[in-house]
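Enquirer: Sequence:
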Amino acid sequence: MPQTRFVLKKALEQNLIPIVVVNKIDRDFARPAEVVDEVIDLFIDLGANEDQLEFPVVYASAINGTSSMNADQQDENMSSLFDTIIETIPAPIDNSEEPLQFQVTMLDYNDYVGRIGIGRVFRGTMKVGQQVALMKLDGSVKQFRVTKMFGFLGLKRTEIQEAQAGDLIAVSGMEEINVGETVCPVDHQEALPILRIDEPTLQMTFLVNNSPFAGREGKFVTSRKLEERLKSELETDVSLRVENTDSPDVWIVSGRGELHLSILIENMRRQGFELQVSKPEVIIREIDGVKSEPMERVQIDVPEEYTGSVMESIGERKGEMINMTNNGSGQVRLEFLVPARGLIGYTTEFLSQTRGYGIINHSFDSYAPMAPGQVGGRRQGVLVSMETGKATQYGIMGVEDRGTIFVEPGTEIYEGMIVGEHTRDNDLSVNITKMKQQTNVRSANKDFTVTMKKPRIMTLEEALEYLNEDEYCELTPESIRLRKKILNKSEREREEKRRKLAAK
Numbered sequence: 001m002p003q004t005r006f007v008l009k010k011a012l013e014q015n016l017i018p019i020v021v022v023n024k025i026d027r028d029f030a031r032p033a034e035v036v037d038e039v040i041d042l043f044i045d046l047g048a049n050e051d052q053l054e055f056p057v058v059y060a061s062a063i064n065g066t067s068s069m070n071a072d073q074q075d076e077n078m079s080s081l082f083d084t085i086i087e088t089i090p091a092p093i094d095n096s097e098e099p100l101q102f103q104v105t106m107l108d109y110n111d112y113v114g115r116i117g118i119g120r121v122f123r124g125t126m127k128v129g130q131q132v133a134l135m136k137l138d139g140s141v142k143q144f145r146v147t148k149m150f151g152f153l154g155l156k157r158t159e160i161q162e163a164q165a166g167d168l169i170a171v172s173g174m175e176e177i178n179v180g181e182t183v184c185p186v187d188h189q190e191a192l193p194i195l196r197i198d199e200p201t202l203q204m205t206f207l208v209n210n211s212p213f214a215g216r217e218g219k220f221v222t223s224r225k226l227e228e229r230l231k232s233e234l235e236t237d238v239s240l241r242v243e244n245t246d247s248p249d250v251w252i253v254s255g256r257g258e259l260h261l262s263i264l265i266e267n268m269r270r271q272g273f274e275l276q277v278s279k280p281e282v283i284i285r286e287i288d289g290v291k292s293e294p295m296e297r298v299q300i301d302v303p304e305e306y307t308g309s310v311m312e313s314i315g316e317r318k319g320e321m322i323n324m325t326n327n328g329s330g331q332v333r334l335e336f337l338v339p340a341r342g343l344i345g346y347t348t349e350f351l352s353q354t355r356g357y358g359i360i361n362h363s364f365d366s367y368a369p370m371a372p373g374q375v376g377g378r379r380q381g382v383l384v385s386m387e388t389g390k391a392t393q394y395g396i397m398g399v400e401d402r403g404t405i406f407v408e409p410g411t412e413i414y415e416g417m418i419v420g421e422h423t424r425d426n427d428l429s430v431n432i433t434k435m436k437q438q439t440n441v442r443s444a445n446k447d448f449t450v451t452m453k454k455p456r457i458m459t460l461e462e463a464l465e466y467l468n469e470d471e472y473c474e475l476t477p478e479s480i481r482l483r484k485k486i487l488n489k490s491e492r493e494r495e496e497k498r499r500k501l502a503a504k
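Letter 480 of the sequence shown, counting from 1, is numbered 480 in this note's numbering, and no numbers are missing.
Just to be clear, a hint being listed does not mean it is correct.
Claimed, not checked - Just the calculated beta-carbon pair ranges, DEER-fashion:
{"id": "1", "residue 1": "G315", "residue 2": "E408", "range": "20 to 26 angstroms"}
{"id": "2", "residue 1": "I85", "residue 2": "E38", "range": "20 to 26 angstroms"}
{"id": "3", "residue 1": "S79", "residue 2": "G315", "range": "49 to 55 angstroms"}
{"id": "4", "residue 1": "G129", "residue 2": "L351", "range": "19 to 25 angstroms"}
{"id": "5", "residue 1": "E13", "residue 2": "A62", "range": "25 to 31 angstroms"}
{"id": "6", "residue 1": "R145", "residue 2": "L351", "range": "50 to 56 angstroms"}
Said to hold, decoys possible - Below, simulated DSS-like cross-link-like pairs (lysine-lysine); rule was C-alpha separation at most 25 angstroms, straight line:
{"id": "7", "residue 1": "K142", "residue 2": "K231"}
{"id": "8", "residue 1": "K454", "residue 2": "K434"}
{"id": "9", "residue 1": "K279", "residue 2": "K231"}
{"id": "10", "residue 1": "K136", "residue 2": "K231"}
{"id": "11", "residue 1": "K500", "residue 2": "K279"}
Since the hints were made in silico from the structure, they are not lab data.
Here the structure is a predicted model, which is why all the values come from computation and not from measurement.
Glycine included, each C-beta is placed from N, C-alpha and C at the ideal position.
Can you build the whole structure from these sequences, using the hints too?
Expert: Put into C-alpha cells, the structure is as follows:
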C-alpha cells in the first residue's frame with residue numbers, strides 16, 4: 001500500500017533494519033515465498049542498503065496466535081516473533097544521567113495552557129519547574145520554564161512531575177514551540193537533527209458564506225469567527241498553511257491533499273461553522289527555473305475486465321504506468337505516476353468504471369516538470385436553478401431526461417444553485433420549482449404511475465472533487481450545496497462572453 005511505502009521509506013532513511021512478518025500464513029492461498037520476494041523488491045526500490053536487505057522473516061497467523069521462522073510449520077504461540085524482536089532490535093541505552101535532549105514531534109493545544117509539545121526524551125531527565133532552552137528551527141534560542149508535563153498510559157494522558165530518557169511526554173510552558181525543535185539545558189545547548197515536514201501540495205479558497213441561505217443553519221458565520229478557527233487549527237496542524245488575501249472574507253488554505261482539507265472542513269461543519277470553498281488546486285513550484293507540479297504514486301487493484309478502461313482514463317490524465325502485476329486470481333495491480341491535478345475528481349469516475357470493485361490508493365511521490373495542456377477536470381456541464389423556492393416532483397421529472405438530479409423533492413433551492421449534472425458539456429438553466437397547474441377539468445386519460453429516478457446525493461469529498469473553477473461548495477452543519485460563483489443567469493452569461501472575448 002502507498003502508506004506502507006511512505007512509512008518504510010522513512011524507516012530506511014533512519015538506517016533501521018525492519019523485521020518482516022508475513023501474516024495470514026494459515027490461509028489456503030498463502031504464498032509466503034512470493035511475498036518475501038515482493039518485499040525484497042520493495043526494499044531495493046526504496047534504496048535499502050545491504051544490511052537492511054538481510055532482514056529477518058517471521059511467518060505468523062495473528063488470528064490463531066502462532067508464529068514461526070519456518071513457513072511450513074507453525075509454533076503453538078508467538079514466541080518466535082517476540083524472540084526475534086529481542087534479538088534484532090537494539091536495547092535502549094540508559095543515558096538518563098546525561099544532559100537533557102527532548103524533541104517535539106507533534107503539537108496539541110489547550111485554551112488554559114496554550115500550545116503543548118509532544119515528543120520523546122532522547123536523553124537526560126526533565127522536571128516540572130525546570131528552566132530549559134528551546135533550540136528553534138531558525139537557529140535562535142529561547143528560554144522557558146516547564147509548567148506542566150503529561151505522560152501517557154494507554155490512551156490516557158496523566159500529569160507527571162518528572163520524565164526520563166525514553167519516555168513519551170507532553171510539555172507545556174512555551175507558546176511558540178514547533179515540531180522538530182529541541183529542548184535542552186540552558187548550560188548545554190545541543191540540538192537534535194531537524195525533522196523535515198512535507199510541504200502542502202494542494203490549496204483551496206475558504207470564504208464567508210454569502211449565499212441567499214447564509215446564516216440559516218450555522219452558529220458561526222462571520223469572518224472573525226472563521227479566521228479565529230483557522231488560526232487555532234494552525235496551533236496543532238503543522239502541515240496546514242493559511243494566507244490572508246486582499247479581502248477580509250477570503251483566505252487561501254493549503255494542505256497535504258484533499259483528505260487533509262476535507263477533514264478540516266468536516267470538523268468545522270460539525271462545530272457549527274458555515275463557509276464556502278473553491279475548487280482544490282495543486283501548488284505549482286519553480287524548481288531550477290522549471291515550473292513543477294506534485295506527482296502522486298497511484299496503486300490500483302482492479303478485476304481484469306476493467307483494466308483497459310482504467311489504463312485509458314489514467315492515460316488521459318497524463319499518468320505513466322510504472323508496474324503491472326497479474327497474480328492469476330483475476331485481480332490486476334497497476335501502479336502509475338500521475339500529476340496530482342489529474343487525480344482531482346477522479347475517484348468518482350474510477351468507481352463508476354469499475355462498478356465499485358476497484359480499489360485506489362495514492363500518496364505524494366515527488367515534484368516533476370509540469371505536463372503541458374489541461375489535465376483531468378470535469379467533462380459534463382451542470383443543471384443550474386433559475387428560480388428560488390422548493391424543488392417539486394413535477395419540476396424534477398420535467399428535467400430528468402437532461403441529466404442526473406442532485407436534490408430531492410421538497411429541498412429548498414436558490415437561483416444559481418447547482419441541482420444536477422447535464423448530459424452534455426455545457427451548463428443548462430432549469431426550473432425545478434415548477435408546480436403542475438391544477439384545473440377542475442378531469443382528464444380523459446387514465447391515471448398512471450410515474451417512477452422518479454433516485455437523486456445522486458453527494459458526500460463532502462465527492463462535492464469537493466466535482467467543483468469547477470466558476471463554482472463554490474457551500475457548507476453548513478446540515479447541508480452541502482454546490483453553486484455558481486455568479487448566481488444570476490444574465491450576469492453569468494455576460495461574464496462568460498467577456499471571458500471568451502478576453503481569450504481571443
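Enquirer: Against each hint, give a clear statement of whether it holds in the structure.
Expert: Cross-check of the supplied hints:
{"no.": "1", "hint": "G315 x E408: 20 to 26 angstroms", "result": "violated (37 angstroms)"}
{"no.": "2", "hint": "I85 x E38: 20 to 26 angstroms", "result": "holds (23 angstroms)"}
{"no.": "3", "hint": "S79 x G315: 49 to 55 angstroms", "result": "holds (51 angstroms)"}
{"no.": "4", "hint": "G129 x L351: 19 to 25 angstroms", "result": "violated (56 angstroms)"}
{"no.": "5", "hint": "E13 x A62: 25 to 31 angstroms", "result": "holds (28 angstroms)"}
{"no.": "6", "hint": "R145 x L351: 50 to 56 angstroms", "result": "holds (54 angstroms)"}
{"no.": "7", "hint": "K142 x K231", "result": "holds (23 angstroms)"}
{"no.": "8", "hint": "K454 x K434", "result": "holds (19 angstroms)"}
{"no.": "9", "hint": "K279 x K231", "result": "holds (21 angstroms)"}
{"no.": "10", "hint": "K136 x K231", "result": "holds (21 angstroms)"}
{"no.": "11", "hint": "K500 x K279", "result": "holds (21 angstroms)"}
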